[in-house]
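If you read the protein sequences in the order shown, they are chains A and B.
Quick note, the first sequence lines up with residues 1049 to 1157 if you use the numbering used here.
Quick note, the second sequence lines up with residues 40 to 156 if you use the numbering used here.
Don't take every hint at face value.
To be verified - Stretches of chain A that chain B covers, calculated by requiring three or more beta carbons in the stretch to come under 8 Å of a beta carbon on chain B:
#	region
1	1089-1098
2	1135-1145
3	1148-1156
Because the hints were derived from the structure by calculation, they are not lab data.
Remember, predicted model here, so these are calculated numbers, not experimental data.
For every residue, glycine included, the Cβ atom is placed at its ideal position computed from N, Cα and C.
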Amino acid sequence: RKEVEQDPGPFNVPEGATVAFNCTYSNSASQSFFWYRQDCRKEPKLLMSVYSSGNEDGRFTAQLNRASQYISLLIRDSKLSDSATYLCVVRTPFNKFYFGSGTKLNVKP
Amino acid sequence: NAGVTQTPKFRVLKTGQSMTLLCAQDMNHEYMYWYRQDPGMGLRLIHYSVGEGTTAKGEVPDGYNVSRLKKQNFLLGLESAAPSQTSVYFCASTHPVGRDNSYNEQFFGPGTRLTVL
Chain A
1049 RKEVEQDPGP FNVPEGATVA FNCTYSNSAS QSFFWYRQDC RKEPKLLMSV YSSGNEDGRF
1109 TAQLNRASQY ISLLIRDSKL SDSATYLCVV RTPFNKFYFG SGTKLNVKP
Chain B
40 NAGVTQTPKF RVLKTGQSMT LLCAQDMNHE YMYWYRQDPG MGLRLIHYSV GEGTTAKGEV
100 PDGYNVSRLK KQNFLLGLES AAPSQTSVYF CASTHPVGRD NSYNEQFFGP GTRLTVL
């Protein structure tokens, strides 16, 4: 079983739409959670960390459910520039990071 | 402040050749990582280091060796390249932050695109 699982998509949405991505992780001892964004053939970059109480950064909202081992990312008012692959990342004890395979988002005009 | 740099950016090898990929960071980070990314597979951890002189295996270490002789550098070696090692290789670094290391973002290099024929 993979450490982190995501729906690969693609999610094709119009500009202005709200879209949600989900991610599950298998290691109950996981300590930190992140969403990274990766543009085509580029390195991943941090979008936001995910805190236990949930957190928001502009149009982006992240939620964590430790009991269900589930992380979500909500994007409101999608922009063309949001088109990318979104990677769910989990840090386990001893600072090992595990990446999901990514969810591809295409925002159309 | 260059962040994380990787050398080379591109390389083509023949089966059986050897090479070393260099990762350098100027952020004084303790932890460094090597990943490979294949289509549809996400990033998979090859080896990592939690400090100068230390290394450990990740998910897919076979066929690779690493060394961390200096804190700022992390080298990934392929002793005898195979076509299955064709991939994009990313290096990353991070540093413990917070009481339980909760907030340690990884910073990535731009990647090395390796093709093994």
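Verification of the hints:
With 7 residues bearing a CB less than 8 Å from a CB of chain B, the region 1089-1098 of chain A meets the requirement of three and the coverage assertion stands. With 7 residues bearing a CB less than 8 Å from a CB of chain B, the region 1135-1145 of chain A meets the requirement of three and the coverage assertion stands. Coverage of the region 1148-1156 of chain A by chain B holds in this model, with 3 residues showing a Cβ closer than 8 Å to a Cβ of that chain against a need of three.
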